[in-house]
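Asks: Listed here are the chains, written in short residue letters.
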Amino acid sequence: MTSNNLVYLVALPLFSSGFLMILGRRADKWGHIFATLISASAFGIGAFEFLQMLARPSESRAVTQKLFSWISVGTFQVDASLLLDQLSISFVLLITGVGTLIHIYSIAYMSHDLDRRRFFAFLNFFIAAMLLLVLGDSYLNLYVGWEGVGLASYLLIGFWNQKPEYATAAKKAFVANRVGDVGLSLAIMIAFATFGTVSFSGVEEKVSGASTAALTGIGLMLLLAAAGKSAQFPLQSWLGDAMAGPTPVSALIHAATMVTAGVYLIARSNFIFDNAPTAQLCVVIIGAITLMFGALIGTAKDDIKKALAASTMSQIGYMILATGLGPVGYAFAIMHLLTHGFFKAGMFLGAGSVMHGMDDEVNMRKYGGLGKFMPITAITFGLGYLAIIGVPPFAGFYSKDKIIETAFNAEGIKGLLIGSAALLGALVTAFYMTRVIILTFTGAKRWDEKAHPHESPFLMWGPMAILAIGSVASGFLLSSGNRFVSWLAPVVNSHEADHAEHVERFQPVVVTSMALVAVVIGVAIAIVKYRSQVPRVAPTNVRFFTRIARRDLLQDDFNEVVLMRPGQALTKFLVATDEKAIDGAVRTVGAVVIGSSKGIRKTQTGFVRSYALLILLGAFGLLATIWVVTL
Amino acid sequence: MNSANYLYLSAMLFTIGAVGVVIRRNAIVVFMCIELMLNAANLAFVTFARINGTLDGQVIAFFTMVVAACEVVVGLAIIVTIFRSRRSTSVDDASLLKR
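Residue numbers (our numbering), protein chains in the order written: chain A, 787 to 1417; chain B, 840 to 938.
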């Protein structure tokens, strides 16, 4: 099946972005509305395509559109083509849907910013790049979108780059992402060397003939790429600093969509990971480490956005973990990704709403008792909270519970270990999210005298309310009757049979009750601990563990000691070598030439007669030589 | 008559010409000395042609004449130009290349 509408999904926001940037200040008055309408129309196209897709039988739901022949070198052919299948459409609807809501929210949130038009141009650019990422039908097309979202992320984190530390945060995100991008480009190169093609369908066809070593190599490189983009261990350190960007950016890019691109990449490459058990195991391990890592960092952060960022890291850890669990895991990973897109974006918008009412204060120790002053924000945030900790019947319950269950039922000791990690992660998640709620919305007020907390305007709470509805309903809608799993089955090659022949170590009901108990314990600990007075200034005489958790579990220190300092030393050494040895050699050669030419220049007197004499002497010398030689 | 005498004459003329080029300052005289050297060489060519009984040397003498004629045209033009601009025909005055 082909469709001619796919190109507009990417082209409209891209055009709008360029249009707003070229028009400059002339578009200040209406640029934000234009960008929002464009984003909404992209959602309209997505919804149209979705309805058309629903009408077709499940095996012929994918549609493609060839734009042009991009690279044509001998047998290496890459078309710039778009592919919309069940996996892509899930992302398209999430990106354009949540994206449009966040556009609307930003109209109010950024209304005092002089550069609002530029902000919207960047947002639209992000939408275009992200749609290209999920619509590309080959790794090379995906790579273009992959780099595009990286650029958009950089531009938006550093949107207020007049503050040096914000600009540094943007650079940090970009550099960490580059490390991952190297992985993606290496994966593409190995894929081309192995299969001779880089399109998803081409690779999938030839995957059975490839060696396990090559597949493992591609898998590990793809995992590196996913780790960079999705803030997974060991490349996760940029996500906390990325909160320097405006809050709508954190909600859209660093919670709902861009950071989930790694999950998309792995789910899209299911045919590689299913045939490379080692790489798949690494995916599971990275996911398990990150979900604990993020959760632990989340317990110690006082900055509301950084606590949410740590939570994002942890939740994406769950998704990555699920993608490593084989065919049945992909659907659960994507399902969690979608529900997470709703509740985390909703909570970030809630955090933005709180900051909006509190003069951009982000320290939760200076909030307290805001529920009375911002009822709508508190309710929408609370619904997101119930969703993320996994209380039934909210969205997170359905998706996270499935992941924990699948993890427990993985074969061997691996299943027990990662299952326990996922369960423990759920407990810690419940703890730190409850902490966020208590510190922000309940208890005594701890804010400054000059703060006047107030509810945000409709343009802000409207999107939050819609996302809150999503947080409530999306999980049930997606999971009832295994709807989403069978929807994705043709893409990720999972079938009900696979699931059935699995040995079920734990019955679903057992896992669910364990998860609920974990949640209750986490919530209880948080209530006991933060029930009493909370100090306005973070106590410093805390345990060692709390101290390192506040420092992102020493990830930055590790990077500094192991990577940055040796890197700087190497750079210094290379600069010195360059200046002393290489430049020195060049300068010596130059000095020798200059010195000798100074001496030789003296023979050039400019007098014709001396030249004539030299010629004469030379001729005599030549004759004499000939005479001597022939004699 | 002994052909060697022509060669002696040729060598003498060439030496006079060479010494003249080196020691005289007047460009016209230097120029005439060069002509003298060319003609000395011509004489030697013709003499050798006679000694060997071939025409090669005589042919080359014609070439030399052609070259000499061209050289006169160019050389005199240069000398006239220099005289116009510098009011002098001394070759030592035209020593600007060293700077």
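Since the hints were derived computationally from the structure, they do not count as laboratory data.
Heads up, the beta-carbon is just placed ideally off N, CA and C, and yes, glycines get one too.
Treat each hint with caution, since some may be false.
Computed Cβ-Cβ distance ranges for the label pairs, DEER-style [as the list claims (entries may be wrong)]:
id, chain 1, residue 1, chain 2, residue 2, range
1, B, D931, A, V1378, 50 to 60 Å
2, A, K1388, B, R864, 21 to 31 Å
3, B, E874, A, K1388, 31 to 41 Å
4, A, K1358, B, D931, 34 to 44 Å
5, A, G1392, B, R926, 15 to 25 Å
6, A, L1417, B, T854, 19 to 29 Å
7, B, D931, A, L1417, 31 to 41 Å
8, B, V858, A, L1417, 52 to 62 Å
9, A, V1378, B, D895, 28 to 38 Å
10, B, S927, A, S1383, 24 to 34 Å
Asks: Next step is simple, just say for each hint if it's right about the structure.
Replies: Now the hints, each set against the structure:
1. B/D931 to A/V1378: 50 to 60 Å: violated, 34 Å
2. A/K1388 to B/R864: 21 to 31 Å: Holds, at about 22 Å.
3. B/E874 to A/K1388: 31 to 41 Å: Since the Cβ atoms of B/E874 and A/K1388 sit about 32 Å apart, the hinted range of 31 to 41 Å holds.
4. A/K1358 to B/D931: 34 to 44 Å: Hint violated: Cβ distance 60 Å, outside 34 to 44 Å.
5. A/G1392 to B/R926: 15 to 25 Å: Check passed, 19 Å falls within 15 to 25 Å.
6. A/L1417 to B/T854: 19 to 29 Å: holds, 23 Å
7. B/D931 to A/L1417: 31 to 41 Å: Since B/D931 and A/L1417 have Cβ atoms about 39 Å apart, the given range 31 to 41 Å holds.
8. B/V858 to A/L1417: 52 to 62 Å: Since the Cβ atoms of B/V858 and A/L1417 sit about 27 Å apart, the hinted range of 52 to 62 Å is violated.
9. A/V1378 to B/D895: 28 to 38 Å: Given about 49 Å between the Cβ atoms, the range is violated.
10. B/S927 to A/S1383: 24 to 34 Å: holds, 31 Å
In summary, the numbered hints that this structure violates are 1, 4, 8, 9.
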